[in-house]
Amino acid sequence: MSTIDDFRELIRRVRSGDAAAAKILVDQYSSQILRTIRVQMNNPRLRRTVDSHDICQSVLGDFFARVALGQYNLKEPDDLVRLLVTMASNRVTHHARRSNALKRGKEYHQESSDGVLVSLQSKDSPPSDQLIRKEILEQIVNNLPPELVAIHRARIVEGKSWAEIAAELGESVAAVSKRYHRALNEQFARLNMTTFEVDPIDAGD
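Numbers 885 to 1089, taken from my numbering, label the letters of the sequence shown in order.
Keep in mind the hints are simulated off the structure, nothing from the lab.
Some hints here could point you the wrong way.
Claimed, not checked - Have a look at the derived ranges for each label pair, beta carbon to beta carbon:
(1) Ile1040 <-> Asp889: 57 to 63 angstroms
(2) Asn957 <-> Ser915: 21 to 27 angstroms
(3) Thr933 <-> Asn957: 30 to 36 angstroms
(4) Ala949 <-> Pro1029: 25 to 31 angstroms
(5) Asp902 <-> Glu1022: 32 to 38 angstroms
(6) Ser942 <-> Glu1022: 15 to 21 angstroms
(7) Arg1074 <-> Ala904: 33 to 39 angstroms
(8) Arg1074 <-> Val1041: 19 to 25 angstroms
Think of the CB as a built atom: it goes at the ideal place given N, C-alpha and C, for glycine as much as any other residue.
Please model the entire structure based on the sequences and the hints provided.
And the structure:
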């Protein structure tokens, strides 16, 4: 059997969900994916916030999901190499844009975690940055408990003061804001964003 025949049989097995075939593919091609990722991750800040192996796993996971659905016309090994290298390059570009969008957003509002949320909604940026920030904001809000989503909407969307929100909940400003900002910090840490030890709270704001 030729090398191309071996390759096509491997892809057929991968499409059918053969775990052994998937492992063979990973063993044969993951090094090329990692090489592409590491060459393109030339920004120290990006290397601090995302790991090359995580990107590689993400690329492979995406590939296996799509190939199982019948996507990709892969006739020879070079087809797969080109596909995986392109996917890896696109994924690094996505992470780089996201990192830059977060950096620019935090330059607008460094003073508090409220400020970061406001910056994520800012329209004073290119459309590509706005889409990335919208995605990040949705991730943050979707992971908050329902009570804190309501506080988020009141504070960030409706622009209510902490005093107004606390009065509606029958709690102190400090208690409400600390609970809210603690949850935000957990989400910021999960997304490798800046966390805040103390937020400046003004009962009149």
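To see whether the hints hold, each was checked on the structure:
no.	hint	result
1	Ile1040 <-> Asp889: 57 to 63 angstroms	holds (58 angstroms)
2	Asn957 <-> Ser915: 21 to 27 angstroms	holds (24 angstroms)
3	Thr933 <-> Asn957: 30 to 36 angstroms	holds (35 angstroms)
4	Ala949 <-> Pro1029: 25 to 31 angstroms	holds (30 angstroms)
5	Asp902 <-> Glu1022: 32 to 38 angstroms	holds (36 angstroms)
6	Ser942 <-> Glu1022: 15 to 21 angstroms	holds (19 angstroms)
7	Arg1074 <-> Ala904: 33 to 39 angstroms	holds (34 angstroms)
8	Arg1074 <-> Val1041: 19 to 25 angstroms	holds (22 angstroms)
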